[in-house]
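*Asks:* Using the sequences plus the hints, can you model the full thing?
Chain order of the listed sequences is A and B. Each residue of the first sequence is one higher than the one before, starting from 2 at the first, in our numbering. Each residue of the second sequence is one higher than the one before, starting from 36 at the first, in our numbering.
Worth flagging that the hints you see were computed from the coordinates, not collected in a lab. Because the structure is a prediction, the values reported are computed rather than measured. Note that the Cβ used here is the ideal one computed from N, Cα and C, for glycine as well. Careful, some of the hints might be misleading.
Unchecked claim - Facing chain A, a subset of chain B residues (Cβ under 7 angstroms, in silico):
id	residue
1	I54
2	G58
3	C59
4	G284
As the list claims (entries may be wrong) - Dumping the calculated DSS-like pairs for lysine-lysine here, alpha-carbon to alpha-carbon at most 30 angstroms:
id	chain 1	residue 1	chain 2	residue 2
5	A	K38	B	K271
6	A	K38	B	K246
7	B	K260	A	K14
8	B	K246	B	K260
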Amino acid sequence: MEKVPGIVTVNEKWCKGCGICIAFCPAKVFTAREDGKPVVTNPDACTRCGLCELRCPDFAISLGGKSHGE
Amino acid sequence: MSVEELLERYTRRDKLPHIWCPGCGNGIIMGAVIRALDQAGVDQKKTVIVSGIGCSSRAPGYMKFDTLHTTHGRALAYATGVKLARPELKVVVLTGDGDCAAIGGNHLIHAARRNIDLTVVVFNNDIYGMTGGQYSPLTPQGSYATTAPYGTVDRNFDLCELVKAAGGTYVARGTTYHTRMLIDLISAGLGHKGFSFIEVVSQCPMYYGRKNKLTSAVAMLEWQKEHAVPVKAAAKLTPEQLKGKFVIGELHRQEAPEYTEVYANLVARARGEEK
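*Replies:* Printed below as a string of structure tokens:
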């Protein structure tokens with residue numbers, strides 16, 4: 002997993018492709034790959050609201066820094 | 036706290052990734068519990084996490100706390116023992132709808148009746164997932180399960196009402212969709228002295244969703260979003276308007292003597308130490 006500070010990253014090894022992050026991201030940062038796993042295609046739109054982190058059942062998404070009202 | 040810090044501090048990293056199915060709500064609830072424990076500022080070394088049997092009850096296995104994975108339905112009985120023996124510990128129970136309401140239903144009402152200082156988080160996915168999708172006491176009436184191919188005829192419990200009636204002093208309901216609210220509800224429960232109970236409406240896409248025209252985790256979270264009514268909004272609606280919906284938020288809070296304190300007083304009295 003390549004880690005860029007301040008940019009949302011997906012741990013592909015842990016991601017099971019449920020699609021929750023793609024469907025509910027308010028800024029539409031993610032796009033689904035063929036296997037259903039998310040790709041960060043619109044990183045500039047990310048507002049760092051942290052909902053993807055909180056709703057990811059697999060702890061596979063990281064904003065790479067502080068979130069959740071910090 | 037970043038996800039990395041959270042995982043490092045509160046989980047057994049070598050046990051992850053977890054084995055729950057794609058889209059299962061258990062991981063979301065476990066994350067919310069960990070974040071709530073952090074938010075409430077509990078002492079990790081003085082916290083015990085207890086679970087029973089079922090998909091949800093695997094959660095403590097991933098958590099870096101003193102944990103007990105006990106017998107089916109008996110998490111509350113073990114937790115009661117831990118709390119009575121060591122009242123200074125924070126004791127959290129993670130259980131499922133089947134574990135808590137069916138096999139453990141009796142333990143539930145009596146723990147609530149005693150108002151013992153435990154925080155109970157029920158992972159309510161409406162089904163017995165681990166054993167292949169049998170209906171539970173919380174499976175909504177009329178919905179389908181492996182053991183109800185024509186729909187359930189049993190009326191389902193409103194577990195929050197049950198716990199409130201039994202004497203629980205903090206009762207709340209959250210969902211995996213409203214994750215921020217869920218963290219706050221669990222955190223408030225951890226801060227409450229007495230029996231605190233948080234039901235989490237969750238999703239089992241594998242065994243509940245597939246049989247009930249909710250074919251994905253996304254569809255099930257959409258359902259939660261459309262059917263959950265916050266407690267303040269619900270107060271302005273008629274029972275007719277609330278039909279088919281469910282209320283989320285803090286549903287009940289009262290002050291009442293806490294069991295381990297009452298028990299300590301009894302011990303003092305029996306020893307003639309009472310003033």
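*Asks:* It remains to establish, for every hint, whether it holds in the given structure.
*Replies:* Structure-based check of all given hints:
Taking 7 angstroms as the C-beta contact cut-off toward chain A, the hint placing I54 of chain B at the interface is violated, the least distance being around 10 angstroms. Taking 7 angstroms as the C-beta contact cut-off toward chain A, the hint placing G58 of chain B at the interface holds, the least distance being around 3 angstroms. A hinted interface residue such as C59 of chain B counts as satisfied when its beta carbon comes closer than 7 angstroms to some beta carbon of chain A; here the least separation is about 6 angstroms, so the hint holds. The beta carbon of G284 of chain B comes no nearer than 18 angstroms to any beta carbon in chain A, farther than 7 angstroms, and the hint placing it at the interface is violated.
As the CA atoms of K38 of chain A and K271 of chain B are separated by approximately 41 angstroms, the hinted pair breaks the 30 angstroms bound. Between K38 of chain A and K246 of chain B the alpha-carbon distance is near 24 angstroms, which keeps this suggested pair within the 30 angstroms criterion. Taking the CA atoms of K260 of chain B and K14 of chain A, the gap is about 29 angstroms. The hint holds against a cut of 30 angstroms. Note on K246 of chain B and K260 of chain B: the hinted pairing holds, with a Cα-Cα distance of about 20 angstroms set against a maximum of 30 angstroms.
In terms of the numbered hints stated before, the structure departs from hints 1, 4, 5, listed from lowest to highest.
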